Amino acid sequence: MATAPRFWRENPSRYNMVGFKCNSCGKFYFPPRIICPLCHRKSVGKTEPVKMKGTGAIFSFTEIHEGMDEHNVQKPYIVAMVELDEGVKVTGQVIDCDVCDLSIGTRVRATLRKLSEEGSAGVIHYGYKFVPVRENGERPGDE
Amino acid sequence: MRRVAVIGVGITEFGELWDSSFRKLGIGAGMSAVSDAKISADQIEALFVGNMSAGRFIRQEHVAALIADYSGIARDHIPATRVEAAGASGGIALRQGFMAVASGLHDIVVVGGAEKMTDVSDIESSMIQSSAADQEWETELGATFPGLHALMATRHMHDYGTTREQLADVAVKNHRHGALNPKAQFRREINRDVVLRSPMVASPLRIFDCAPSSDGAATVVLCPLDMAKEFTDSPVEIVGSGQASDSLGLHHRKDICTMGATRAATERAFKMAGLSQKDVDVAEVHDNFTISEIIAIEDLGFFPKGEGGKATEEGLTSFDGDVVVNTSGGLKARGDPIGATGVAQAVEIVSQLRGTADKRQVKDAEVGLTQNIGGTGATAVVHLFRRV
Ligand SMILES: [Zn+2]
Chain A
1107 MATAPRFWRE NPSRYNMVGF KCNSCGKFYF PPRIICPLCH RKSVGKTEPV
1157 KMKGTGAIFS FTEIHEGMDE HNVQKPYIVA MVELDEGVKV TGQVIDCDVC
1207 DLSIGTRVRA TLRKLSEEGS AGVIHYGYKF VPVRENGERP GDE
Chain B
91 MRRVAVIGVG ITEFGELWDS SFRKLGIGAG MSAVSDAKIS ADQIEALFVG
141 NMSAGRFIRQ EHVAALIADY SGIARDHIPA TRVEAAGASG GIALRQGFMA
191 VASGLHDIVV VGGAEKMTDV SDIESSMIQS SAADQEWETE LGATFPGLHA
241 LMATRHMHDY GTTREQLADV AVKNHRHGAL NPKAQFRREI NRDVVLRSPM
291 VASPLRIFDC APSSDGAATV VLCPLDMAKE FTDSPVEIVG SGQASDSLGL
341 HHRKDICTMG ATRAATERAF KMAGLSQKDV DVAEVHDNFT ISEIIAIEDL
391 GFFPKGEGGK ATEEGLTSFD GDVVVNTSGG LKARGDPIGA TGVAQAVEIV
441 SQLRGTADKR QVKDAEVGLT QNIGGTGATA VVHLFRRV
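From first to last, the protein sequence lines stand for chains A and B. For any residue, its number in the numbering used here is found by taking its place in the first sequence, counting from 1, and adding 1106. For any residue, its number in the numbering used here is found by taking its place in the second sequence, counting from 1, and adding 90.
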């Protein structure tokens, strides 16, 4: 597990999905980068932090049965690669649903949840996870 | 650039080798390669060691110096260098050795690869392996190393209609090949049902879709081609070497069913060799998961994109097929001691081209290929070998 500072320094991106926009080429990136991989040195001074809307569609997904210690609390759990509406892909857990309800293309939105805990009395790390949404913005089962 | 030959190979047994330490494994493979090459220790000019994570597996860094010391070549103060590129550590070490000889800097170079994985628990081993992915933006958000490959598998099945059974066929074939290899970790044939009924790891991948944790080491000895006949009657030339990188995180790739780094490394290796895919008789590819072999045989250009599963099902990658893939049993059955894997692939191909692969010999094999991957494809290295 990462040390607390290693986690905290990424908090703006983990809590609010703050990414990076290159104003030289107009592309979005998440997580933030130091330079734009397309524009290289031309992007220096032309980038800005941008908050992702947090909405997108499942690009691929899996249900994890065996894995990392800190995620074993609730096994199995679902991990998806999500293509955000800004056109960037991110990896994260999908919660509050059954794997059978998901398919490639399912709409999801990001929500702030507990990611992991360091030790029994340790620091709790928070970050984004995804929940499925209907096209009208409601989650399945809301009706 | 000078032409480079392999003049000696050595490999330990692969498996859970509780009575063997890291240094015992490394020296064991090294001694057999040096004796196979019929060179004496004082002729060695440089050592490269592929190793991913001795620091976490056995709490020992600085392992190139360790191997040089315990093999008795540190007395001559030869340069000893560790090479790390996660799962591709061994293949990249081979490329470093190749470049050292090709450039004219050194004549006789030893390339080893070693990993001792089973001194830590299975969960610890999984976590170490996942450090080949992006720790901050994949692993800490819940993705495991098998999980990332499961994302590729889900998408490959969706885009190309690859079936769960075709994934199983990769494991079945590689176990069938491994059963013919006395050094393999698993020497037992399995059928589709064994794979399909094994415990789920990350859907759709089950335990029999995954390479095991292994201990083991492998070594090759290189020298300029024009010196090779002094040492051996059956030198094998390294005719092509290609290396490439890609984004560390899988999610940064436009297409997760293609490893762009494999494609680039393949193109570079074939260009250097002046050969094409149809020339290749035998290949060792990086089947750390069954889906990885399907993606590999497509990206290497043996089969069109999307047809790797079908080709495997039809037997085109086994004996009597178009190209025999993973005669050693691959990572799945031979075993995957990470840093050793890329060098073990070279040992297998050299044995095939020398005609010494016994029961798993591919008839009249003349050209062979190795493909070694780091992480989910952030590093790829491809080598082409030819019988002299
Ligand atoms: Zn840009």
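One or more hints might be untrue.
Taking lysine-lysine pairs in the DSSO-like style, the calculated list, with each CA pair at most 30 Å apart, reads [unchecked claim]:
id	chain 1	residue 1	chain 2	residue 2
1	B	K319	B	K368
2	A	K1127	B	K453
3	B	K368	A	K1133
4	B	K368	A	K1159
5	A	K1195	B	K395
6	A	K1181	A	K1148
7	B	K344	A	K1148
8	B	K368	A	K1152
9	A	K1157	B	K319
10	A	K1195	B	K453
11	A	K1133	B	K453
12	B	K319	B	K395
Counterexamples of contact, computed for chain B against chain A with all Cβ distances above 12 Å [said to hold, decoys possible]:
id	residue
13	R165
14	H196
15	D212
16	S408
Bear in mind the hints are in silico, worked out from the structure with no lab data behind them. The structure displayed is predicted, hence computed values, not measured ones. Note that beta-carbon positions come from the ideal geometry of N, C-alpha and C, so glycine has one too.
Status of the hints after comparison with the structure:
1. At most 30 Å may separate the alpha-carbon atoms for a hinted pair to count; K319 (chain B) and K368 (chain B) meet this at roughly 28 Å.
2. Under the criterion of a C-alpha separation no larger than 30 Å, the hint pairing K1127 (chain A) with K453 (chain B) is inconsistent with the structure, at around 56 Å.
3. Among the hinted pairs, K368 (chain B) with K1133 (chain A) is inconsistent with the structure: their alpha-carbon atoms are about 40 Å apart, more than 30 Å.
4. At roughly 49 Å between alpha-carbon atoms, K368 (chain B) and K1159 (chain A) are farther apart than 30 Å, so this suggested pair is violated.
5. Note on K1195 (chain A) and K395 (chain B): the hinted pairing holds, with a Cα-Cα distance of about 22 Å set against a maximum of 30 Å.
6. Taking the CA atoms of K1181 (chain A) and K1148 (chain A), the gap is near 46 Å; set against the 30 Å cutoff, the hint is violated.
7. At most 30 Å may separate the alpha-carbon atoms for a hinted pair to count; K344 (chain B) and K1148 (chain A) meet this at roughly 23 Å.
8. For a cut-off of 30 Å, the pair hint linking K368 (chain B) to K1152 (chain A) is broken: about 48 Å separates their Cα positions.
9. Between K1157 (chain A) and K319 (chain B) the alpha-carbon distance is near 64 Å, which puts this suggested pair outside the 30 Å criterion.
10. The straight-line distance between the Cα atoms of K1195 (chain A) and K453 (chain B) is roughly 46 Å, outside the 30 Å bound, and the hint therefore fails.
11. At roughly 52 Å between alpha-carbon atoms, K1133 (chain A) and K453 (chain B) are farther apart than 30 Å, so this suggested pair is violated.
12. A hinted pair counts as satisfied when its Cα atoms are at most 30 Å apart, and K319 (chain B) with K395 (chain B) does not qualify at roughly 41 Å.
13. Against chain A, the non-interface label of R165 (chain B) holds: every CB pair exceeds 12 Å, the least being about 41 Å.
14. Listed as outside the interface, H196 (chain B) is consistent with that label: its C-beta sits roughly 35 Å from the nearest C-beta of chain A, beyond the 12 Å cut-off.
15. Non-interface call for D212 (chain B) relative to chain A: violated, since the shortest CB-CB distance, roughly 9 Å, does not exceed 12 Å.
16. Its beta-carbon lying about 28 Å from the closest one in chain A, S408 (chain B) satisfies the requirement of being farther than 12 Å from that chain.
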